[in-house]
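Starting from the known structure of chain A, fit chain B onto it as the hints suggest.
Given next are the chains, with one letter for each unit.
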Amino acid sequence: AQSVTQLDSQVPVFEEAPVELRCNYSSSVSVYLFWYVQYPNQGLQLLLKYLSGSTLVKGINGFEAEFNKSQTSFHLRKPSVHISDTAEYFCAAGQGGSEKLVFGKGTKLTVNP
Amino acid sequence: ETGVTQSPTHLIKTRGQQVTLRCSSQSGHNTVSWYQQALGQGPQFIFQYYREEENGRGNFPPRFSGLQFPNYSSELNVNALELDDSALYLCASSVRQGAGETQYFGPGTRLLVL
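Read top to bottom, the protein sequences are chains A and B.
Its first residue numbered 797, the first sequence is counted upward by one per residue in our numbering.
Its first residue numbered 82, the second sequence is counted upward by one per residue in our numbering.
Worth flagging that the hints you see were computed from the coordinates, not collected in a lab.
Because the structure is a prediction, the values reported are computed rather than measured.
One should not assume that every hint holds.
[Said to hold, decoys possible] Some but not every residue of chain A turned toward chain B, in silico, with C-beta under 10 Å:
1) Q838
2) Q841
3) K845
4) F863
5) F899
[To be verified] Here are the simulated DMTMM-like cross-link-like pairs (lysine to aspartate or glutamate), alpha carbons at most 25 Å apart as the crow flies:
6) A:K845 - B:E182
7) A:K854 - B:E182
8) A:K865 - B:E182
9) A:K904 - B:D165
10) A:K901 - B:D165
11) A:K854 - B:E82
12) A:K904 - B:E134
13) A:K901 - B:E133
14) A:K904 - B:D166
Here a beta-carbon is modelled for each residue, glycine too, at the ideal position from N, C-alpha and C.
The following block holds chain A by itself, in its conformation from the complex:
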């Protein structure tokens, strides 16, 4: 069964510092990978997704992620974070067509002044 592992449950950083949120997936078939952000008391908002092609994917709010097939990873990065980036971030994987998304447990990013 497909699974998604987010290696860090909490990541504290200072404002304007770079950040990397790690995500690994397990699958023997092609996957589609997503990063979603959840602000307090809100639903999920798509940051970016990887379907195929270039392994570096750029998303909204200055985030980007790199797909690494050999390491089965899809880490999310931002070169300089803002206080407003404080939220929970979820990595998810889908397979094939319009199927379920399998989510990781989330990483809580806290940006301190």
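Structure of chain B alone, referenced to chain A:
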């Protein structure tokens, strides 16, 4: 704003009761998926509806059921509520594309079972 709305926002029920949660998808979205997000966890897939038919189900018992209507609205019904059903319930709508479609999530309904 994703254009997906859910009602109610919060709900309190007691064990054994039944509950209906509602979702209004984006116009034109023919697929709706429901997820359960327990506190401190990632969302877990409950089931998906495509053109009003169930199209895939996660590891949830039959007391979780759903409906999708032609007007882009849908329902999640849970019978015989248990304490562990307390969670945030999210619906997500999408357009079937065959590969890696984006699911647009609503704000969720927070259910508390006492």
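With a cut-off of 10 Å on the beta carbons, see whether Q838 (chain A) makes it to chain B.
Since the shortest Cβ distance to chain B is 6 Å, the answer is holds.
For the pair we were handed, K901 (chain A) and D165 (chain B), check the Cα-Cα distance against 25 Å.
It holds: about 17 Å lies between the C-alpha atoms, which stays within 25 Å.
Hint F863 (chain A) vs chain B: min CB-CB distance below 10 Å?
12 Å, violated
Hinted pair K904 (chain A) and D166 (chain B), Cα distance within 25 Å:
Holds, because 23 Å separates the two Cα atoms, which is no more than 25 Å.
Checking one constraint from the list: CA of K845 (chain A) to CA of E182 (chain B), max 25 Å. Satisfied?
Within the cut-off at roughly 9 Å; holds.
Given Q841 (chain A) as an interface hint, is the shortest Cβ-Cβ distance to chain B below 10 Å?
Where the cut-off is 10 Å and the nearest Cβ of chain B is about 7 Å from Q841 (chain A), the hint holds.
Given a cut of 10 Å on the nearest C-beta pair, is the interface hint for F899 (chain A) held or broken against chain B?
With a minimum Cβ separation of about 3 Å from chain B (threshold 10 Å), the hint on F899 (chain A) holds.
Taken at face value, is the distance from the CA of E133 (chain B) to the CA of K901 (chain A) at most 25 Å?
30 Å, violated
Between K904 (chain A) and D165 (chain B), does the CA-CA distance stay at or below 25 Å?
23 Å, holds
Restraint satisfaction for K845 (chain A) [CB to CB of chain B, less than 10 Å]
6 Å, holds
K854 (chain A) paired with E182 (chain B) [C-alpha distance capped at 25 Å]:
The given pair, whose Cα atoms are some 17 Å apart, holds under the 25 Å limit.
Distance restraint between K865 (chain A) and E182 (chain B), which requires alpha-carbon spacing of 25 Å or less
20 Å, holds
The structure does not agree with the numbered hints 4, 12 and 13 stated previously, though it agrees with the rest.
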